[in-house]
Amino acid sequence: MDEIMITPDELSDLIGLVYDSAFEAQQWKSLIDRIAQLFPGIGAIVYGIDGEMMLPEYASTDLPQFIVEPVRMDLGLIDNVLPHEAWRALPNGFVSRTKKFMDEATFVQSGLYRKLLNPAGFRHVIHIKLDARGQRSAVIGFAIPNDPVTETRIHDALFKTLKLLSPHAVRALQLARALTLAKRSAQVCSGFLDGIILPMLVADAHGQFLFGNGAGRRVLERGTPLSVEAGGRLVLDDPEDSRQLRRKIADIDRDLTPGGMRIITDPAPISLSITPFRASMRDASAIDRHLLNEERMFAIFIGQTDVDAISTALLEDVFDLTSREAEVCKGLMLGASASDLADVSGRSLKTIRNQIQIIYEKVGVSSNVALIDALSVFRTVGTMFEDGGGRDNPKPLSLPFAQ
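Just so we're aligned, residue 1483 is where the sequence shown starts under this note's numbering, counting upward by one.
Read the hints as simulated data drawn from the structure, not as lab findings. Keep in mind that this is a model prediction, so the values were computed, not measured. There's no promise every hint is true.
[Said to hold, decoys possible] Below are the DSSO-like pairs computed for lysine-lysine, each with C-alpha atoms no more than 30 Å apart in a straight line:
1. Lys1511 <-> Lys1645
2. Lys1645 <-> Lys1597
3. Lys1812 <-> Lys1844
4. Lys1581 <-> Lys1597
5. Lys1581 <-> Lys1511
6. Lys1812 <-> Lys1832
7. Lys1730 <-> Lys1642
8. Lys1730 <-> Lys1832
9. Lys1597 <-> Lys1642
10. Lys1582 <-> Lys1597
11. Lys1511 <-> Lys1582
12. Lys1844 <-> Lys1832
13. Lys1511 <-> Lys1642
14. Lys1582 <-> Lys1645
15. Lys1582 <-> Lys1642
16. Lys1730 <-> Lys1645
[Stated by the list, open to error] If you anchor each label on the Cβ, the simulated ranges turn out as follows:
17. Asp1638 <-> Asp1515: 20 to 28 Å
18. Arg1778 <-> Pro1490: 41 to 49 Å
19. Ala1750 <-> Thr1588: 57 to 65 Å
20. Lys1642 <-> Asp1532: 29 to 37 Å
21. Asp1737 <-> Asp1515: 44 to 52 Å
22. Ala1791 <-> Asp1638: 54 to 62 Å
23. Pro1490 <-> Glu1551: 40 to 48 Å
24. Gly1705 <-> Pro1522: 43 to 51 Å
25. Ile1854 <-> Leu1657: 31 to 39 Å
For every residue, glycine included, the Cβ atom is placed at its ideal position computed from N, Cα and C.
Please construct the entire structure, taking both the sequences and the accompanying hints into account.
Okay, here's the thing in structure tokens:
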């Protein structure tokens, strides 16, 4: 029998379904059902791993429950490494297959094969690693029927398809998580997350980026002074600043007292205010409750102090301004008139006035007085933690969702 071929239209529909199914009450259910239709005979489940224990599934195709109670993977050593330790080191979105993970003789003696796969009529499994937090991870597994002809027809084609879908699955899970975790806080704080002017990023105790508001995401897209490294951890341009940020989070994790730090950047310094953040997990998916329910999180606010020179790059991030609009906005904050800005920039007064009107619209104001008032928050983040004693003596930050 020929290998199953997925058409471009089918692949496009699957990618769309990845994003839709990430927001389902039973995450990924419609996606795995559709993949099972395209690759008849497979079984698919979404489940958690805690250490070397496989947990009962969160979603599955129309098969009897596959993992009824926690099961030890029991895969032995692979190249002198425990498989669950090797699994933790794999990046999110990695697509693995038992057929390539270990030799056949070892695999058929494993608890995974003897206790789960073989009794259900399956042989090998292909996995997508969705996400991991410490010892815990979330996985989609696709079991291949224990029939050589069917396996030949399905295995490689399914693997190739999942390789194309996996980056979208990771991104979709992040989007769904950001909206779910933000939902409760946003309700309590009247739209605080995306309504607040300051860029906000939320990280775990290890500095791993979880989600951010619109302005915070623009900071990361710009890639300076904060960015996300390949492993998902928030880093600053200066390695020593990155180490200080991790130490600061560790201190706040220990003391549960908000703090902050000042970063010297070109052309203007910025200030970070960091506070414990605990979003309600009541509305979170089963996967996120498994991964994040015991995870302490930290909100990082990015801004400046009144004594700092104004950062046009941060203005661009905060208000989604162009570089020229940011320069005009900076001039307005410093008290320049439209005529002054036209003279300095060499552009016409009409052009400057048009840009000012666009700035008003983006900031959500209708006058220069209102603009300056709105921008005051942007220039006062340092006062959230500076009390005259410097950055080593932070003043507590009071937020409705801080613990």
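Hints, one by one, checked against the model:
no.	hint	in the structure
1	Lys1511 <-> Lys1645	holds (19 Å)
2	Lys1645 <-> Lys1597	holds (27 Å)
3	Lys1812 <-> Lys1844	holds (14 Å)
4	Lys1581 <-> Lys1597	holds (17 Å)
5	Lys1581 <-> Lys1511	holds (25 Å)
6	Lys1812 <-> Lys1832	holds (18 Å)
7	Lys1730 <-> Lys1642	violated (43 Å)
8	Lys1730 <-> Lys1832	violated (48 Å)
9	Lys1597 <-> Lys1642	holds (28 Å)
10	Lys1582 <-> Lys1597	holds (20 Å)
11	Lys1511 <-> Lys1582	holds (27 Å)
12	Lys1844 <-> Lys1832	holds (19 Å)
13	Lys1511 <-> Lys1642	holds (20 Å)
14	Lys1582 <-> Lys1645	holds (15 Å)
15	Lys1582 <-> Lys1642	holds (14 Å)
16	Lys1730 <-> Lys1645	violated (38 Å)
17	Asp1638 <-> Asp1515: 20 to 28 Å	holds (22 Å)
18	Arg1778 <-> Pro1490: 41 to 49 Å	holds (44 Å)
19	Ala1750 <-> Thr1588: 57 to 65 Å	holds (59 Å)
20	Lys1642 <-> Asp1532: 29 to 37 Å	holds (30 Å)
21	Asp1737 <-> Asp1515: 44 to 52 Å	holds (48 Å)
22	Ala1791 <-> Asp1638: 54 to 62 Å	holds (58 Å)
23	Pro1490 <-> Glu1551: 40 to 48 Å	holds (42 Å)
24	Gly1705 <-> Pro1522: 43 to 51 Å	holds (45 Å)
25	Ile1854 <-> Leu1657: 31 to 39 Å	holds (35 Å)
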